[in-house]
Amino acid sequence: MRSRRNETNEESSVRGPNSALTAFLREQGITAEVIERRNRQREEQEELERAAVTQRVATDANSDIEELVDAATSKRRAADVSDDDGDDGNHDRDPDGKSYCLDCDVEFKITVLSKRAERNGRAGYLCADCTLIQQRKARNARRNEVEARKRRKKVAAALLDKQEYKLPSLQDICVKLISQNIEEVDAFGDIGTVNMRKISKILSKNRSLNGHTMTLFLDAGLKELEFWDCSNMDSDSYTKIAAFCPRIERLTLWMCGQLHNDNLRYIATNLPNLTHLTLNGPFLISDSCWQDFFEIVGSRLKGFHILNTHRFSNDSMVSLLENCGSGLEELTISRMDGLDSKPVYDILPHYLTKLKHLEISYPTKEELVDDALIVNLLSVNGETLETLILDGCSGLTDATLVSGIRPFCPSLRKLSLGLLDQITDDGASQLFTDWDINDGLMEVSLRRCTALTDAGVYPMLEHSRSTLIELNLNSVYGITTQMFQDWSRNLKLGLLTSLDIGFVQSVNDKAVSILGRVCPKLTILEVYGCNNCTQEATVRSGLRLIGRQTDNF
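Counting in my numbering, the sequence shown runs without a single skipped number right up to 553 at its last residue.
I should point out that these hints are in silico values taken from the structure, not numbers from a laboratory.
Everything numeric in this text was worked out from a predicted model, so none of it was measured.
A portion of the hints provided could be inaccurate.
As the list claims (entries may be wrong) - List time: in silico DSS-like cross-link candidates among lysine-lysine, alpha-carbon distance up to 27 angstroms:
| hint | residue 1 | residue 2 |
| --- | --- | --- |
| 1 | Lys137 | Lys109 |
| 2 | Lys354 | Lys302 |
| 3 | Lys201 | Lys302 |
| 4 | Lys198 | Lys176 |
| 5 | Lys137 | Lys98 |
| 6 | Lys342 | Lys356 |
| 7 | Lys342 | Lys365 |
| 8 | Lys521 | Lys492 |
| 9 | Lys198 | Lys240 |
| 10 | Lys365 | Lys223 |
| 11 | Lys492 | Lys510 |
| 12 | Lys356 | Lys414 |
| 13 | Lys223 | Lys302 |
| 14 | Lys342 | Lys302 |
| 15 | Lys198 | Lys223 |
| 16 | Lys153 | Lys201 |
| 17 | Lys198 | Lys521 |
| 18 | Lys223 | Lys176 |
What the hints assert, rightly or not - Estimated spans, in silico, between C-beta atoms of each pair:
| hint | residue 1 | residue 2 | range |
| --- | --- | --- | --- |
| 19 | Gln485 | Gly211 | 52 to 60 angstroms |
| 20 | Gln549 | Pro520 | 23 to 31 angstroms |
| 21 | Gly211 | Ser411 | 38 to 46 angstroms |
| 22 | Lys150 | Ala399 | 53 to 61 angstroms |
| 23 | Asn261 | Ser411 | 50 to 58 angstroms |
| 24 | Gln549 | Gln485 | 22 to 30 angstroms |
| 25 | Ala123 | Gln505 | 50 to 58 angstroms |
| 26 | Asn261 | Asn144 | 29 to 37 angstroms |
| 27 | Glu383 | Lys150 | 49 to 57 angstroms |
| 28 | Gly121 | Arg517 | 19 to 27 angstroms |
| 29 | Asp236 | Thr480 | 54 to 62 angstroms |
| 30 | Val146 | Arg40 | 23 to 31 angstroms |
All C-beta atoms in this analysis are idealised placements derived from N, C-alpha and C, irrespective of residue type, glycine included.
Given the sequences, and given the hints that come with them, work out the whole structure.
Pasting the structure below:
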């Protein structure tokens, strides 16, 4: 006799703690195979239903499209019939929708895709082949318009850069290609100093000059180095300049905001041949570091140009004069907010005795630079001075012209007096009339000398008519049309190549024509803000007119 346990196991084969539920479901006919089969049948049914819905939607859509096509065809045929009734010049067309192509005269059946056209007063349709040809021509026309727009942009960009747009040379193409892929360049090789300068300027303009790319310009035999945008160069980059280029004599660094004290001391110590230094924006250099630098370089420093920093103080200036003043031939002091002592400015004539280039511009206070200071400086340095820039020194008057420049500057070639609103016609006339000791100026800027009129400008033109190359009369509001008429009758500036007469309201189309005639070598004429200068102006060949309001590129 079998035991109860064995009988139960044979009937239900119960295994595990959940086998009782499994046995119950099996007794009810519910198994995993049954569940899987039901799920599969339900999914198949859902797919069939979705397919049926999609087919109904597609059928409805096709029906709608067919109705629209039929309606459009009927409407177009009706319009064509109306046109045929009212215009005898149209093609004859069969009632079944056939017509003759306007271009190739081939019979074809009109569809909704047929292109309507007009030829010599005859209206009709084009066949499929001629339609494709017309579409191809339209695409080419659009492509040509895009190319023409690109060319106009290039011409406008070149004009604003004061350059002539022309096909680039192979050398220029290579320079541009190198500049665009500068991160992939390992070394320049022997490409020449001129091309290296071009690449350097392009990188500076694109703000691509950094700690990696600047090393491409370093060479042990280099004597002159110019970087015009050092904003992305770190402190170590400046140290590399002195380490890899020990023979440098002239160093120019603009926007050098990351130049540190240690870098400047390293440059002074490791560049024994350094004679000219130009720094724009070195605002991290401390006053004590400046003094250390001037003590190290001493009298071998021939040119020092510093711009845009408030950390160059009165003590720094005194150190420059005491250590380097006797040997300086070039000095630029521009926008130096830290120089605010009148006595420091007044001692300049005591140390500077053989300057060839002098720029004192935009002092922090008007009273710091006065007539007495400039007259004293010119009395000592006038014999050798070739460049004098006094932009923004608004405290200067006619005394600087009459008592300073006229008697002491026989060798002066460049004179810039921008924003000197106290300069008058009387002072300018006294300076330039019968100024026999000076043979003529090559560059003159009277920008925003608002007190000047024809009576002050014309004597300057008469004096330097045979030597003047660049002239800036921007915002000299007192100039009248009479000066251009006198210019036309009596003057001819044979060497003038660049003229800025922006915001002079007397400049008109006639003045532009006169300037083009009496200045045969004039290539750049800037007329920003001259509203009377229009498209009607006669611009001779070779003259680039920049800033005309009516220009449309």
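Do the hints match the structure? See the list:
1. Our distance criterion of 27 angstroms between C-alpha atoms is met by Lys137 and Lys109, whose separation comes to about 23 angstroms.
2. Restraint check for Lys354 and Lys302: satisfied, since their Cα atoms lie roughly 10 angstroms apart, inside the 27 angstroms limit.
3. Between Lys201 and Lys302 the CA atoms are separated by roughly 25 angstroms; this keeps the pair inside 27 angstroms, and the hint holds.
4. Proximity of Lys198 to Lys176 is assessed by CA-CA distance (about 9 angstroms); at most 27 angstroms being required, the pair is judged to hold.
5. Proximity of Lys137 to Lys98 is assessed by CA-CA distance (about 25 angstroms); at most 27 angstroms being required, the pair is judged to hold.
6. The suggested pairing of Lys342 with Lys356 holds, with an alpha-carbon distance near 23 angstroms, which does not exceed 27 angstroms.
7. Between Lys342 and Lys365 the alpha-carbon distance is near 9 angstroms, which keeps this suggested pair within the 27 angstroms criterion.
8. A distance of roughly 11 angstroms separates the Cα atoms of Lys521 and Lys492; the hinted pair therefore holds under the 27 angstroms criterion.
9. Between the alpha carbons of Lys198 and Lys240 the distance comes to roughly 21 angstroms, so the proposed pair stays at or under 27 angstroms and holds.
10. Between Lys365 and Lys223 the alpha-carbon distance is near 38 angstroms, which puts this suggested pair outside the 27 angstroms criterion.
11. For a cut-off of 27 angstroms, the pair hint linking Lys492 to Lys510 stands: about 16 angstroms separates their Cα positions.
12. With a C-alpha separation of about 11 angstroms, the suggested pairing of Lys356 with Lys414 holds against the 27 angstroms cut-off.
13. This hinted pair checks out: Lys223 and Lys302 have alpha carbons roughly 15 angstroms apart, not beyond 27 angstroms.
14. Of the pairs offered as hints, the one joining Lys342 and Lys302 holds, with about 25 angstroms between alpha carbons and a cut-off of 27 angstroms not exceeded.
15. The hinted pair formed by Lys198 and Lys223 meets the criterion: a straight-line CA distance of about 17 angstroms does not exceed 27 angstroms.
16. Straight-line distance between C-alpha atoms of Lys153 and Lys201 comes to about 21 angstroms, which keeps the hinted pair within the 27 angstroms bound.
17. A C-alpha spacing of about 26 angstroms is found between Lys198 and Lys521, which places the hinted pair at or below 27 angstroms, so the restraint holds.
18. Restraint check for Lys223 and Lys176: the C-alpha separation of about 25 angstroms stays at or below 27 angstroms, so the hint holds.
19. Taking 52 to 60 angstroms as the suggested C-beta distance range, the pair Gln485 and Gly211 conforms, at roughly 58 angstroms.
20. Separation of Gln549 from Pro520 is about 26 angstroms and conforms to the stated range, judged on CB atoms against 23 to 31 angstroms.
21. For the hinted restraint 38 to 46 angstroms between Gly211 and Ser411, the CB-CB distance of approximately 43 angstroms keeps it satisfied.
22. At about 55 angstroms, the CB distance of Lys150 to Ala399 agrees with the hint of 53 to 61 angstroms.
23. The beta-carbon spacing between Asn261 and Ser411, approximately 38 angstroms, falls outside the hinted interval of 50 to 58 angstroms.
24. Distance hint check: the CB atoms of Gln549 and Gln485 are about 23 angstroms apart, consistent with the given range 22 to 30 angstroms.
25. For Ala123 and Gln505, the hinted distance range of 50 to 58 angstroms is satisfied, since their beta carbons lie about 54 angstroms from each other.
26. Taken as a hint, the range 29 to 37 angstroms is violated for the pair Asn261 and Asn144, whose Cβ atoms sit roughly 59 angstroms apart.
27. Taken as a hint, the range 49 to 57 angstroms holds for the pair Glu383 and Lys150, whose Cβ atoms sit roughly 55 angstroms apart.
28. Take Gly121 and Arg517: their Cβ atoms lie about 50 angstroms apart, and the range 19 to 27 angstroms is violated.
29. Between Asp236 and Thr480 the Cβ separation comes to about 58 angstroms, which falls inside the hinted range of 54 to 62 angstroms.
30. Roughly 58 angstroms separates the CB atoms of Val146 and Arg40, a value that falls outside the hinted 23 to 31 angstroms.
This entry does not satisfy hints 10, 23, 26, 28, 30, going by the numbered hints stated previously.
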